[in-house]
Amino acid sequence: MLERSPKPVVEKPTLHESAALHVTGTATYIDDLPEPRGTLHLAPGLTRIAHGRLVSMDLSAVRAAPGVITVLTAADIPGQNDTSPIGAHDEPLFVTDSITSEGQILFVVAAETRAQARAAVRRAVVETETLDPILDIDTAREARAPCAVPGRTMTRGDAEAAIAAAPRRLSGRIVMGGQEHFYLEGQAALALPGEGPEMIVWSSTQHPTETQAMVAHLLDVPANTITASVRRMGGGFGGKETQANQTACLAALVAHHTRRPARLRLDRDDDMVMTGKRHDFAIDYTVGFDDDGKIHGVDMLLACRCGWSADLSGPVIDRALTHADNAYFYPAVRLRSLPLRTNTVSNTAFRGFGVPQGALAAERVIEEIAFATGLDPNTVRLRNVYENGQLTPYHMTVEDSITAAILTDLARRCGYDTRKAALRASNAKAAEEGRVLRRGIAMTPVKFGISFTATHYNQAGALVHVYTDGSVQINHGGTEMGQGLHTKMMQVAARVFGLPQSDIRLTATTTDKVPNTSATAASSGADLNGMAVLDAATKIRDRIRDFAAERYNADPGTIRFHNSEIHMETGQGTLVESFAAVVRQAYLARVSLSSSGFYKTPEISWDPATGRGHPFYYFAYGAACAEIVIDTLTGEYRIDRVDILHDAGLSLNPEIDRGQIEGGFVQGAGWLTMEELVWDKKGALRTHAPSTYKIPTAFDMPRVFNVALLEDVPNRKATIFRSKAVGEPPFALAACVLFALSDAVASLDDHRTCPRLDAPATPETVLACIERLRAGKSATGHGTKIEVPATDADPVRDPVG
Amino acid sequence: MKSFSYMRARDVTEATRAAQRPGSKVIAGGTNLLDLAKLSIERPSALIDVNRIPGLKEIRRLPDGGVRIGALVTNADLAAHPLIREHYPLLSRAILAGASGQIRNMATTGGNLLQRTRCVQFYDTSDRCNKRAPGSGCGALDGANRMNAIVGGSASCIAVHPSDMAVAMRILDAVVETTDAHGAHRRIPIDDFYVLPDAAPQHETVLTPGEMITGVSLPAPPQGMQSYRKVRDRASYAFALVSVGAIAAVEEGHFTRVRFAFGGIAPKPWRIEAAEAALRGKPRNAQAISTACDIALAGAAGHGDNDFKIALAHRTLIAVLGA
Numbered sequence: 003m004l005e006r007s008p009k010p011v012v013e014k015p016t017l018h019e020s021a022a023l024h025v026t027g028t029a030t031y032i033d034d035l036p037e038p039r040g041t042l043h044l045a046p047g048l049t050r051i052a053h054g055r056l057v058s059m060d061l062s063a064v065r066a067a068p069g070v071i072t073v074l075t076a077a078d079i080p081g082q083n084d085t086s087p088i089g090a091h092d093e094p095l096f097v098t099d100s101i102t103s104e105g106q107i108l109f110v111v112a113a114e115t116r117a118q119a120r121a122a123v124r125r126a127v128v129e130t131e132t133l134d135p136i137l138d139i140d141t142a143r144e145a146r147a148p149c150a151v152p153g154r155t156m157t158r159g160d161a162e163a164a165i166a167a168a169p170r171r172l173s174g175r176i177v178m179g180g181q182e183h184f185y186l187e188g189q190a191a192l193a194l195p196g197e198g199p200e201m202i203v204w205s206s207t208q209h210p211t212e213t214q215a216m217v218a219h220l221l222d223v224p225a226n227t228i229t230a231s232v233r234r235m236g237g238g239f240g241g242k243e244t245q246a247n248q249t250a251c252l253a254a255l256v257a258h259h260t261r262r263p264a265r266l267r268l269d270r271d272d273d274m275v276m277t278g279k280r281h282d283f284a285i286d287y288t289v290g291f292d293d294d295g296k297i298h299g300v301d302m303l304l305a306c307r308c309g310w311s312a313d314l315s316g317p318v319i320d321r322a323l324t325h326a327d328n329a330y331f332y333p334a335v336r337l338r339s340l341p342l343r344t345n346t347v348s349n350t351a352f353r354g355f356g357v358p359q360g361a362l363a364a365e366r367v368i369e370e371i372a373f374a375t376g377l378d379p380n381t382v383r384l385r386n387v388y389e390n391g392q393l394t395p396y397h398m399t400v401e402d403s404i405t406a407a408i409l410t411d412l413a414r415r416c417g418y419d420t421r422k423a424a425l426r427a428s429n430a431k432a433a434e435e436g437r438v439l440r441r442g443i444a445m446t447p448v449k450f451g452i453s454f455t456a457t458h459y460n461q462a463g464a465l466v467h468v469y470t471d472g473s474v475q476i477n478h479g480g481t482e483m484g485q486g487l488h489t490k491m492m493q494v495a496a497r498v499f500g501l502p503q504s505d506i507r508l509t510a511t512t513t514d515k516v517p518n519t520s521a522t523a524a525s526s527g528a529d530l531n532g533m534a535v536l537d538a539a540t541k542i543r544d545r546i547r548d549f550a551a552e553r554y555n556a557d558p559g560t561i562r563f564h565n566s567e568i569h570m571e572t573g574q575g576t577l578v579e580s581f582a583a584v585v586r587q588a589y590l591a592r593v594s595l596s597s598s599g600f601y602k603t604p605e606i607s608w609d610p611a612t613g614r615g616h617p618f619y620y621f622a623y624g625a626a627c628a629e630i631v632i633d634t635l636t637g638e639y640r641i642d643r644v645d646i647l648h649d650a651g652l653s654l655n656p657e658i659d660r661g662q663i664e665g666g667f668v669q670g671a672g673w674l675t676m677e678e679l680v681w682d683k684k685g686a687l688r689t690h691a692p693s694t695y696k697i698p699t700a701f702d703m704p705r706v707f708n709v710a711l712l713e714d715v716p717n718r719k720a721t722i723f724r725s726k727a728v729g730e731p732p733f734a735l736a737a738c739v740l741f742a743l744s745d746a747v748a749s750l751d752d753h754r755t756c757p758r759l760d761a762p763a764t765p766e767t768v769l770a771c772i773e774r775l776r777a778g779k780s781a782t783g784h785g786t787k788i789e790v791p792a793t794d795a796d797p798v799r800d801p802v803g
Numbered sequence: 003m004k005s006f007s008y009m010r011a012r013d014v015t016e017a018t019r020a021a022q023r024p025g026s027k028v029i030a031g032g033t034n035l036l037d038l039a040k041l042s043i044e045r046p047s048a049l050i051d052v053n054r055i056p057g058l059k060e061i062r063r064l065p066d067g068g069v070r071i072g073a074l075v076t077n078a079d080l081a082a083h084p085l086i087r088e089h090y091p092l093l094s095r096a097i098l099a100g101a102s103g104q105i106r107n108m109a110t111t112g113g114n115l116l117q118r119t120r121c122v123q124f125y126d127t128s129d130r131c132n133k134r135a136p137g138s139g140c141g142a143l144d145g146a147n148r149m150n151a152i153v154g155g156s157a158s159c160i161a162v163h164p165s166d167m168a169v170a171m172r173i174l175d176a177v178v179e180t181t182d183a184h185g186a187h188r189r190i191p192i193d194d195f196y197v198l199p200d201a202a203p204q205h206e207t208v209l210t211p212g213e214m215i216t217g218v219s220l221p222a223p224p225q226g227m228q229s230y231r232k233v234r235d236r237a238s239y240a241f242a243l244v245s246v247g248a249i250a251a252v253e254e255g256h257f258t259r260v261r262f263a264f265g266g267i268a269p270k271p272w273r274i275e276a277a278e279a280a281l282r283g284k285p286r287n288a289q290a291i292s293t294a295c296d297i298a299l300a301g302a303a304g305h306g307d308n309d310f311k312i313a314l315a316h317r318t319l320i321a322v323l324g325a
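Taken in order, these protein sequences are the chains called Y and X.
Residue 743 in the working numbering sits at position 741 of the first sequence; the count goes up by one each step and never skips.
Residue 140 in the working numbering sits at position 138 of the second sequence; the count goes up by one each step and never skips.
Watch out, some of these pointers could steer you wrong.
Derived BS3-like pairs (lysine-lysine); straight-line CA-CA distance at most 30 Å [what the hints assert, rightly or not]:
(1) X:LYS27 / X:LYS59
(2) X:LYS40 / X:LYS59
(3) Y:LYS431 / X:LYS284
(4) Y:LYS719 / Y:LYS541
(5) Y:LYS684 / X:LYS40
Non-contacting residues of chain X with respect to chain Y, defined by C-beta distances greater than 12 Å in every case (computed) [stated by the list, open to error]:
(6) LYS4
(7) TYR8
(8) GLU16
(9) GLY25
(10) GLU44
(11) ALA48
(12) ARG54
(13) MET149
(14) HIS205
(15) ALA237
(16) ALA300
Source of the hints: derived by calculation from the structure; they are not laboratory data.
The C-beta atom is built at its ideal place from N, Cα and C for all residues, glycine as well.
All chains, please: the whole structure from these sequences, using the hints.
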């Protein structure tokens, strides 16, 4: 149990509201909801080719299979066969003719049990005509395939001229892979038909309002008949911002036709084959600079694989563009995007939403300049970080830059300079002695723009009730996916009412309580909904205060809500009444104890046509330093130490924020190291299970992991209690892992050549990079011959024997 | 998952008799069988639970200096046992290189030896696999085969045996002890225990229907430094791309005694005694080790995705045995 704290509960490390439920296995997820009588279980039939045409589909054997109640296809949709979240009408729920990716839905089976539904799917006889698929960035560029969304150019100044006039210039390319969300709870939904057209859909979704809209369009009913609800997700990471819709729609369609409850929990392999992932990018860069490492001009082309439909690719790529500067000022710049349509899953939102990709290119440019000039990369960084007053490539003035201070502070805290010197010496000694281990270190910052670029998304609602016993219930438009949003919302309400967090009850996010909500995305959940909760709670508190002033003849200015009590100065001295007692009196005096709340972010604007504006309310900052060790014989490596200094403003909950920073960093490190998506030549995803797709485990955490929050630096903007968004920015901090690996590899030719290590830097990629460097070093034809090595301590050895 | 009957065997006789019936499967830790049953790859009609059979959880010293390990000794207990840590550190290391703490707490010695391959096509019931569906073909030969064998396979199967423990057991000349449904006991050297895939890769061991592993005995450990090195896609938790176990004694820069075996590259732990003999008396350098590796891998061939394993096996052996 939480202790009752006499102090305001924000800025305190209170427990996650569901911590006890999580660890006792009693927190309910969609598939844990009690099964209503007559529930049907669904399984989708999927395309198995990446590109072609549906010739015929014989589902008679599927219908005849044991337990099957119905089999539905596009023909059974009363409304629109479309799940495009942006109105592009390019994302049919069911394939009708053209097949543009493996894993598209052909039909859905509803049966008495899940096993029966899954077994029945296999009986389908599907005839298709196969066309050559376009699977990757290079092929799509060669084929000049149409873009998934229009490309965009951001310019400021004359980049070409600046680069041409610069004393030095270089060009290169960085390639980075995609990433599977690997939420622990897969896509899941339960649809319960009600009276007439009414339906409740419980969905593991980050965006209940969109799920509600999709189901309404599908069934051709008004939005007011559909309720979408979610108490919590077992992880989202962006993978349930739009990708939850098809699962919810399938369940709703079956419920609509059968008038029975319908439940779908995707099989993990199907989930990985069907749902979109992080966009992979190939970014070509040209930079003009001088011998001091100062950037004069930057030109980048950011090509990415969007998959078969637009989905959120447009805004993702815009974010990659707006963060292709990471924390650095480009005096002249041109950034172009090339969002390529391919015959692969439709890539979607994923924590960072294009920022990690754009920022990684910026960090590669810094690394290249460091190698070209012989300067330490950190020196190059500090010479190019934004100073306040400078303009971003999208013409927004930076006013809150603290990158230089954070980099300097972190370098001091973690002893970057001395450790780097020691590593260089130990690498030199290892080379001399013929040992195979090499160490590397790198530090990278992040500057992350906070707000949805779609300006209208930057609004939020909340609903707060105070009951006559003094207990408080809150509801808001954000969704909980483990990140602690609900906890922070409870803290906000608790602070307003002067109550402990445990006296606040938070109920499931549902479209019939708070309507027209935005996706819980863009790290904005606490910023937006926190202000809406504050608004609603403050309205009620003010009514109670005004009532108390009148009832107890107190000066309203002296009334304080504190420690579950209301303290007032009256003519007779200080009066203290319990919160519950005053609430009871207020109710009897017919004071409204319920209120909605609303918030919209001020100051922001964005013109997508010109790529200019003030899209971000503020920036969140941070920096991380990683030290790694690689085995030059096998390419294996280990992260030995990571130090992070991160800016969460005045943190609403330091422990929850620390969890977000650690988790985000490790997820980012997974993206850059071991997580590799492989499609075969026919366009079938070969890595569709944990057996072949490796995410970091607990044992992949850095051996030493020092995470610190920047202290006493309130947000300059009037956010909820001057905190800063923290969900996504730490993900991009993991760039330092890639550059630390690169630093270790570079030691093999005395740091003369930038290794241009791409991501994911699997042991294989690291080894190939090592061999490339060695081959370049000696032109005498050693080639890939096995070098004579010597044994060294195994970097991944178990602590035994 | 197919429904099955469940029986808790009181002793080995009862277990082997019940296990003899078609469709019956012995279950111990269940760390592999349950996963496979959930995926309908194994479809047992009866499970014979042997966990309560007394006397199979002991590790004891043998008069000849060796050790006998009961079939139900868990991987965790075996790896942590003082006798094993002191005299067979290779075995401890190999076990700890595999799986997770939770799995090692459940998995048993007998079960570890009998675990099925992790070949992608074996697990994908929509693909071809002669091991899972005899006669359906091998989807790995022309499909994704990064994890597959470079030696010991056949035209019908190139799956690898996934065990780390078995690689160590092979180097230690383990003998697998069994009892069959008629009460007959056998002592099978571990190399004879596994059969290579011919036309019928569903047969992986020489066990007869109902025959059950009751224990494994190890002779006294040979002289020399023991080591186990596992190379994998994710250092913390993954099956081996290539692993090498070795016991080597070196005097004045020359190998006097050496044993080594590979995991992750063949349908069984891959040890070629002729390759070891070729190292005896040779200087401890990369060239000599590489030459021995060539002998061990004679006839090795990649299938596309796994070509790299040949070079990686050389490198890993050099890393383990080199100076």
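Going down the list of hints, with the structure as the test:
no., hint, result
1, X:LYS27 / X:LYS59, "20 Å, holds"
2, X:LYS40 / X:LYS59, "27 Å, holds"
3, Y:LYS431 / X:LYS284, "28 Å, holds"
4, Y:LYS719 / Y:LYS541, "22 Å, holds"
5, Y:LYS684 / X:LYS40, "29 Å, holds"
6, LYS4, "9 Å, violated"
7, TYR8, "19 Å, holds"
8, GLU16, "31 Å, holds"
9, GLY25, "19 Å, holds"
10, GLU44, "15 Å, holds"
11, ALA48, "20 Å, holds"
12, ARG54, "27 Å, holds"
13, MET149, "8 Å, violated"
14, HIS205, "24 Å, holds"
15, ALA237, "4 Å, violated"
16, ALA300, "17 Å, holds"
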